[in-house]
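Using the sequences and the accompanying hints, generate a full structural model.
When we follow my numbering, the leftmost residue of the sequence shown carries the number 1, and every step to the right adds one.
Just so you know, not all the hints are guaranteed correct.
Within a straight-line C-alpha distance of at most 25 Å, the following computed PhoX-like cross-link-like pairs (lysine-lysine) qualify [said to hold, decoys possible]:
no., residue 1, residue 2
1, K110, K83
2, K79, K117
3, K83, K117
4, K110, K33
In case anyone wonders, no lab produced these hints; they're calculated from the structure.
As the structure is a computational prediction, the values presented were derived from the model and not from experiment.
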Amino acid sequence: MQSQYDHLVNEIVKSKKASAEQVQEVQTSAMKKRSSFPRQLVAEGLIGATDLMMINYRYSSAPVIDMGEVLLSQELISKADEKMVRKYVAIPVFERGGRLFVATFDPFDKVALEAFKYTGNFSSVEPLIANLDQLEQMVEDIFAGRADIDDLFAHDAEADEANKQKELEELSKLLMGGEQEEEAPVVKYVSEMLLDAIRTGASDLHFEPYEHTYRVRFRKDGILREVSNPPANITHRITARLKVMSGMDIAEKRVPQDGRIKLPVSDTKVIDFRVNTCPTLWGEKIVLRILDSSAASLNIEMLGFSDQQKALYLDAIKKPQGLVLVTGPTGSGKTVSLYTGLSILNQPTVNISTAEDPVEITLPGINQVNIIAKTGMTFASALRAFLRQDPDIIMVGEIRDLETAEIAIKAAQTGHMVLSTLHTNDVPQTVQRLANMGVPQYNVAAAVQLIMAQRLVRRLCPSCKTRERDWTPEKLVGLGFSEADAEEVKVYGPKGCERCGGQGYKGRAGVYQVVKITPELSEMIMQKATSLELAEQCQREGFWDLRQSGLDKVKQGLTSISEVLRVTVD
1 MQSQYDHLVN EIVKSKKASA EQVQEVQTSA MKKRSSFPRQ LVAEGLIGAT DLMMINYRYS
61 SAPVIDMGEV LLSQELISKA DEKMVRKYVA IPVFERGGRL FVATFDPFDK VALEAFKYTG
121 NFSSVEPLIA NLDQLEQMVE DIFAGRADID DLFAHDAEAD EANKQKELEE LSKLLMGGEQ
181 EEEAPVVKYV SEMLLDAIRT GASDLHFEPY EHTYRVRFRK DGILREVSNP PANITHRITA
241 RLKVMSGMDI AEKRVPQDGR IKLPVSDTKV IDFRVNTCPT LWGEKIVLRI LDSSAASLNI
301 EMLGFSDQQK ALYLDAIKKP QGLVLVTGPT GSGKTVSLYT GLSILNQPTV NISTAEDPVE
361 ITLPGINQVN IIAKTGMTFA SALRAFLRQD PDIIMVGEIR DLETAEIAIK AAQTGHMVLS
421 TLHTNDVPQT VQRLANMGVP QYNVAAAVQL IMAQRLVRRL CPSCKTRERD WTPEKLVGLG
481 FSEADAEEVK VYGPKGCERC GGQGYKGRAG VYQVVKITPE LSEMIMQKAT SLELAEQCQR
541 EGFWDLRQSG LDKVKQGLTS ISEVLRVTVD
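What follows is the structure in structure tokens.
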């Protein structure tokens, strides 16, 4: 038996997952196939990829790395030898001070590490322990993407080298938008990226230029992942194509621009993209936000409320007047929460108007207005107009200034239900933000019915989630679990499989702090209580904070502790 794997053999035998004889058979099989012994153990089912990672972590000095979170060095990837990466299932991640850091499932494979050392002028190679399943998936993604791009632009690259003038002529034709250019490589590539983003459920696309490379990333389930590396010499043409599609000025490259793309995906369906450009050191970075109202589920049961939170939210929005505020960072699901409420309130007997920047979800029966500040259509001006339109319910996309806040509160105090959002971290900070804007505390106390802070955590893939047994009751109590729950809760973590693309997560769920403004809280607001004092009162009245809501999702087996820690604070 190879001495560097004695620890692995001992752990498997000790766990009674296999006998010493079975392990010996796997070793013999690996030698015949000239395969890695640890990799063969996983293939034969004697150990899981996550267990392999954690055992290697305990017996080596190398740190663990989550390949779902890592940002790879595109310079290293572009120079990586495909045969070597596939052979060792190891990926160069970054370089620091002449040292190359390589993600590998086997930190004891000295031959593999030495092989990577000689791919460049590196003084040493340091292993980072990764999940084998994630590594295999990422290796496939890297080289599948490279092959697709190479094929797509092979002819175009030859033309570029042969004749710069021809490239300029092609670019001119492309910018004309004529039908004969629709089969051009750049047109095809951009269209494929947009359609891939829709198919995979991405929320944003990032087109990013660098000195020697260019990358495209999708944000899915709140996490950015690289999906493509087109040749750097055609990046200006990708930028031009996107700007033409967005209705932007292609000659203006010094200032940011905003635009929209309407992409027909069927005879009856059109997807909107909100597009923004920003000049960077190496060119214009372009970010597209997908506005697909059909993808939003407006079922309150899908939001992830606890029974108490759902009851509080429904009770608040069904009141005849008052202000309901939803808070959280960009991309935390505030719009879906508000529109879920509006879909419940949307009846032929009520008049509902919304002002948004921009409208992200369309809902029949509701009067929706796009905010266009440069034409004078601001949130404040839209609110004033709504108040002359005999409204019952008003939704304001965001309260950004004192003027909008004052009009919203006035409307909430004069027989209208007003729903809106703020960019704050939690409920107590929302009260403080309104005060900092200049809204008198007595108006806040009188008008606000409910404040809801929220975040989104990634859901564990139900097909491959795995039990994490390292969480002792003491550790769980330290996170916020009760002693009783800490003794009984089963903690799960990500593994990765085909159904989730090797990520271990699939979809997202909300975690919420839903606080009804009770008489006690109202009195404290009028007395100018601090955020800490308000937070303590919320706990006394039994309102969960974000961490407690997240831990409830862990208790249900819906998400991992690492996800809850990522989006919440103590």
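Against the structure, the hints:
1. K110 - K83: It holds: about 17 Å lies between the C-alpha atoms, which stays within 25 Å.
2. K79 - K117: Roughly 13 Å separates the two Cα atoms, so the pair holds.
3. K83 - K117: Distance of about 15 Å is within 25 Å: holds.
4. K110 - K33: holds (19 Å)
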